[in-house]
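Chain residues, written in single-letter form:
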Amino acid sequence: MFPRARVLAGLLALAMVGASLGASAAPPAPKEIVIGAALPLTGTFAREGGYFKDGYEMAVKEINERGGIFVKEYGKRIPVRLILYDDKSDATTSVSLYEKLVTEDKVHALLGGYSTPLIQAHTVVPEKYKVPYVNGGGASTAIYARGYKWIFGLLASIEKLAITLMNWIASQQDAGKLGKPLRIAIAWENTSHGKDFQKGILDKARASPDRFVIVFDEPFEIGSKDFTPLLQKVKAANADAWLVDARIADAILMQRQLTELGLYFQVISYGPRGTEKAIRDALAPAADYIVSVNWWHRDLPYPQARAFVRKYEETYKKPAEWFPALAYETARVLFKAIEQAGSLNKAKIRDALAKMDMRGSIVVGQRVWFGPNGQIDNDYVIMQNLPGRGPVLVYPKYVALGEAVVPIPRR
Amino acid sequence: MTTDLAILLVSAVLVAGVYATMSYGLALIFGVMKVINLSHAGAVMLGAYIAYVLIVGLRMNPFIATVLVVPPLFFLLGVLLERVFVRPVRKAPPIASLLLLFGVWLMMQNIAYIIWTGEVRTITTPYTMMRFKVGEVPINVNRLAVFLVGAITLLLLHQFMTRTYLGKAIRATAQDSTAAKLAGINTDQIDMVAFGLGTALAGMAGALTSLIYAFDPNFGGSYMLKSFCIVVLGGVESFLGVALGSLILALAEALSVLWIRAGMQDFVSFVVLIVALLVTPGGLPGLLQKRYAVRPR
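Chains X and S, in that order, are what the protein sequence lines are.
Taking my numbering, the leading residue of the first sequence gets 1, the next gets one more, and so forth.
Taking my numbering, the leading residue of the second sequence gets 1001, the next gets one more, and so forth.
The reader is advised that the hints may include incorrect statements.
[As the list claims (entries may be wrong)] Here are the simulated lysine-lysine pairs, DSS-like style, with alpha carbons at most 27 Å apart:
no., chain 1, residue 1, chain 2, residue 2
1, S, Lys1133, X, Lys233
2, X, Lys225, S, Lys1133
3, X, Lys235, S, Lys1181
4, X, Lys88, X, Lys317
5, X, Lys130, X, Lys76
6, X, Lys88, X, Lys348
7, X, Lys149, X, Lys348
8, X, Lys72, X, Lys177
9, X, Lys355, X, Lys317
[To be verified] Quick list of simulated restraints, FRET-style, between CB atoms:
no., chain 1, residue 1, chain 2, residue 2, range
10, X, Arg306, S, Asp1004, 17 to 23 Å
11, S, Lys1034, X, Leu386, 54 to 60 Å
12, S, Phe1102, X, Gly176, 57 to 63 Å
13, X, Pro181, S, Ile1115, 47 to 53 Å
14, X, Leu263, S, Val1271, 54 to 60 Å
15, S, Pro1072, X, Gly371, 55 to 61 Å
16, X, Gly390, S, Gly1057, 58 to 64 Å
17, X, Arg410, S, Ala1006, 39 to 45 Å
The hints are simulated quantities; they were obtained by calculation from the structure and are not laboratory data.
All C-beta atoms in this analysis are idealised placements derived from N, C-alpha and C, irrespective of residue type, glycine included.
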């Protein structure tokens, strides 16, 4: 008995030593998960950058109130520390700030900035250093067509925006509201954004020649002082629909001059623009019936989207536009990826992002996943300015809150 | 077809009014001081925002705000800029004032971002969408008003420069600063007045165009390139030349769209600029002077 007891005691002691050795082999949990981003907080995109800051901070506050992100590897929740820098809306500054975040601040993961030119420039940094990166502020195909493996984005492509617009027009044709084939005039700002828009429209028109005929297709310079010559050419093309990819200032001038010249179209869209307050205020009745295509809208009928809108507007006393909504969801997607990776290992977080399938999201379609190029491919929403009601969600059917008025009534 | 062409021509003439209003100030300052005022774009932008505050915030009549209130305010701003930034570097190589005024422009832009953010603003007045027709040609009241103010400003400037002592002193300084000084003209004071006047014209141009175009703190930058083109074309020391240069540029841009894509309008502007620099380095007045000069027998 005696030797047996000694053997057992010895085994027990060995087991205890082994257990303690095992415990000390696991790395100690870090005090915090460091996530960084550079946003345009001053300069050209200061307004949008400010909204992104709100969205990121709101998401970080929420997760930290729950104790942080649960990381299985450490068996505990670890709080998030967000480092935000101001890139002054400058691409060179943005690149150097992302370098600083990676090399000096030693972030575990990165959140994106805002606007295609800045994102296109600074995404070389996470790709070079192999740091997982998610953005909600850049949609241009140029960002995702470089074969990068570490870059993910929550904005569907501009081509998809144009395709959604064409799909909606097709639905109006099927409802007997628009004729076939519809004569379409397109104009697009002379940028990668505009070219993506043009490509989406042309691809769709080529695929359905029985539905669409492109009768005018021209780029224009941003900030033009007079669209009369362009509009005179459009008039000569005798189009039924006027589809444009423009910024707010150009959309305002174009629509004003179009109204002055007395041009009539059955459908008018300025791509992602046309239903903003700035445009409705500037154009008054001339803004009626303009259709816009957007990534998100505060009226989306999802409980989680409504909850976000309520909380955001209570906290920041500002209307919940798509900028803070997408920023908030971008941060939540990154947190989810870290949790699913169960580790702070960058490659594991990147793999979790690539495999991401987040349900119950506030984005259109309530689901976040990424294609092989790292870009989401969810639906857009279409809104129309209706007299006396302002912008109303009209498409897709599963989120529509009203019926589109097509063709536009003649004034 | 005739109507379409008439619409294009009328539109080009109205745009020429905008261009000319934007360029007088730049031409005046360069003419007198030989300083390329890069803060001109900032003054144009601030003019738009001050008009916004007066018209939208204080509900002031747009005409009073843009023509009577903004120019005196910007005259004072110009005087201040000349005293604080330009005068200390007058003896330095031209690059010093060029860079300094570029810095002033950036400063103005950032002040605008801080006060008004980057949001696009517009001023909507009862006349914003108002138009009338001459035959089949629609004319926007706002654009016509800007054109008329531009034309009246040209006449007043011409009268001021040719009929008043101060105007003559400005011209004398522009032609030969040393000779003007020898004739007893206080050229330092003339520089200050010229910079003030140029900035007042830029502020007024910004205020007037804010009635037509949406604007943000980047407003004015795109006009700078066109204004340079116009000033080179029109001759740096002639207001009539500036008006003529504006008309030529606006016509070239509008009519070129009949043959090339609208996206190439800026290309047309710069072709005009290059041709002007190569063919008539002294601008149109220089060319005319050369053409009709009395040749010695």
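Query - Hint check, failures only - result: 3, 6, 8, 9, 10, 14, 16, 17
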